[in-house]
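First to last, the protein sequences are chains X and C. Using the working numbering, the first residue of the first sequence is number 1, and each one after it goes up by one. Using the working numbering, the first residue of the second sequence is number 1, and each one after it goes up by one.
By construction, these hints were calculated from the structure, which means they are not laboratory data. Remember, it's a predicted structure, so these values are computed and weren't measured experimentally. Just so it is clear, CB atoms sit at the ideal spot from N, CA and C, and this is done for glycine as well. No false leads were slipped in.
Computed list of chain X residues with no C-beta within reach of chain C, every gap over 10 Å:
| hint | residue |
| --- | --- |
| 1 | Q13 |
| 2 | T17 |
| 3 | G20 |
| 4 | P38 |
| 5 | P47 |
| 6 | G49 |
| 7 | G68 |
| 8 | R127 |
| 9 | R142 |
| 10 | A187 |
| 11 | A214 |
| 12 | R218 |
Going by beta-carbon spacing under 10 Å, a handful of chain C positions derived as facing chain X:
| hint | residue |
| --- | --- |
| 13 | R316 |
| 14 | I320 |
| 15 | G325 |
| 16 | V326 |
| 17 | R329 |
| 18 | Q409 |
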Amino acid sequence: MNGNGVPAIVLAQVDRTYGGSGPEAVHALRGATVSIAPGEFVSVEGPSGCGKTTLLNLLGLLDAPTAGSLSWDGVPVGQRSDRERARMRLERVGFIFQRFYLLPTLTARENVELPMQARGVPRATRRDRARALLAEVGLSGRERAYPHQLSGGEEQRVAIARALANGPGLLLADEPTGELDSTNTRAILDLLIRVRAERSATLVLVTHNPTVAARARRHLTMQDGRIVGDVREA
Amino acid sequence: MSGGGWGRGLRHARLQRILAVAAIGAAVALPVVLVSVGGGVSSHELHALQTSGYQLVVSAPGNHGVEDAHNLTRAILAIGGVAQASPVLSIAVDAFDAGGNVSPVLAEGIVPAAFTATLGPTDGSLFPTPLPLGDPNDTTHFANGTYRGSATDDVVVSIPFAHEFHVKVGGTLRLAADDNLSAAVPFLVTATFGPPITFLEPAAAYALLLPLSDLQTLSGYASGPGTIVPDAADSIEVAVAPSIADDAGALAAVAAAISALVPSYSVSTLSQEVSALESASAVLTGFYLALSSVGIAVGVIFLALVLLRRVETDRRSIGIRRALGVPGRSVAAGIVADGALLAVGGATAGVIGGVTLVLGLARWATAEVQEAAQLATFPPVLLGEIVAAIVLLSLAASAVAVRAALRVQIVEALR
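Pulled out of the complex, with its shape left as it was, chain X reads as follows (with noise of 0.2 Å):
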C-alpha cells in the first residue's frame, strides 16, 4: 500500500465460475492474471459477457475467486473475513455502476453521505462534505433533490461523489457512462480522469466504447473470461 491508502492489487491465475463444476457452469474468468499499480488509470475492454464486470468486482472485493489468487497490497483477499473485505470496500474502494445503483429513497446528499455515515463519520461533518462534494461534481443547488428528479448525467455525478465520500483510493466505474449521451458521457469521463489526478488514485474503468478507453493509459482487452491483451501507453 502505498501512503494515500492505494492498494496494490494482484490477481493470478484467477478463475471465477457461476453454478457449480457442472455442465450448467458459466466460467465467467479464466486464468486471470494482472497487476494493478498504484495510481494506474486502467481501461477494460471486451465486447459483452467476456467478464469484465466479473473483473471488477473481484478487484473491488465484491466476489471472490472460486479458484487463483487476489492480493491486496501483498496479502492475499481470501484470508480476510467478510467483514474486513466490508471495511476495505468501505474505506479504500469507490465504486460507479453504469445504472448509478443511487438509492431512491434518499436525497442526493443523502447518498452521498451514506458511505460516511457508515464509517461513523459525525454528522455535520458528513453533511459539510457531502455539499462539497456535490458542488465538486457540479450539483451545487440540487442536494435535496431525490434521484428520480435527476437526470442521467446528474445521478452519475451524484454517484461519482458518493464514491468520492470516503477518500478512497481505488476508484472502480462499470460502463459509468453507458447509459449516457454523448454530452454528459464526455462531461463524466473529464469528472472521473480530474478526480483521479487530483487524488493520485487508482482508476479502473470498463467500458466498451473506444473513445471512453482512449483516455486511459494502461488497456486490457477481454475475450471470453480471458485478459487476451495488456498495453500500457508510453
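Go by the hints and put chain C onto chain X.
Structure of chain C alone, referenced to chain X:
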C-alpha cells in the same frame, strides 16, 4: 426507477406496514380486553369480599340449595360467637313497567335487618339504613314456614335500574317469575340504593332487594305444595362477634359448629373465599394470555412475513449498501429497528383499541357485558408488559428477515 414506479412501490410498502400494524394491534387488543375486564371483575369481587361485614359463608350444592333457610339462620344465630346471620337468595325475575314492557332483572331476597348488619363499610354506604322493606326480620309473611302472613310487597331498587326503567320512589313495580303480566305482583318502591350513575351511564347493576319470603313466594322457592326447594336460599352469610373476627381458631370452631348442624353443606371462611378467588383469577389471567398468544403468534408471523417481503423488495438497496461497504450489522439494525417500530406501533394501537373497545362495551353492550366492562381495570404495568412482550417477539420476527438480508449476494443483487 421512474417516479410512478417508485410511488407505486412506496404505496405498496406502506399498505404492508399498515396491515402489519393492524395485525399486531388486533392481536394485542384481545388480551387487553380479556385481562382488563377479567381482572376488573376479579378485583371487584375481591374488594367486595375483603370489605364485607361477614366472615363465614354457608352454601349448599345445587340450584338455590340451602333449604329451610329461616330456621337454619335461627339455629346458626344460637351458636356461641355468632353475631348475625343473613340468608340470601338471588333469582332473575321479570319486571314490568307502567306500559307493560318486560325486562329480566336480578333480584335478591334478604332479611332486611340481618342483611344490613352484615354489610361492610363500603357496601353499607350504598344502602339506606334501616332498609325500608316493612318487616325487618321477615317473620310476618314467613309465619313459621306457612307463608300465610301478610307480605310487605315492598321493594328497594338500584339507582341505575330506576334510571333505566323510569321507576320512582313511591311508584309501583310489577314483578313476576316469568314473562306473564297477569301473574305479576305489584310492589311498592320504597327506596333506591347503589352508587350514582357515572359517565358510563346507564350502569348495569340492575338489582332489586326485597324480603326473602316475598321473593321465595314470587319464584316458587317457598314452602308448600309445588315448590322447588322449600324455604330456599343460595347462602347464609355469618358475621361473628368482633372479638373473634380475626381469630382463625375461633372462626374454625364456629364453622365446625355450623357444619355440625348441616353436615352436607359447605362452610367456608372469607379468607378461604378470597384465596380461592385469587387463585381462580390467576388461572383465568393465565388462560386469557394463553388464548391471546395464538393471536399474537399470528401477528408476529405476519410481521416476519412483511419484513421478509421488505428484504425481498429492498434486495437491490441492500446489495448497494453492502457493495459500498455498509456493515452487515447496520443493515440488520435497520431491519430490527423497523420491526420494533411496527411492533410498538401495533402494540400501542392494540392497547388503545382494546381500551376503547372496553369503554364501548361498557356503554353499548348487553346488560351483563356492560356490568363486567364497567368494572374493567387497566393496570399500566401489565399493559406495559404486553407491549414489551410484543417488542421482544418482534426481535424474533426480525431475526428471520435479518438472516435473509445478510444472505443477499451483492453481485446477484446488483444484476
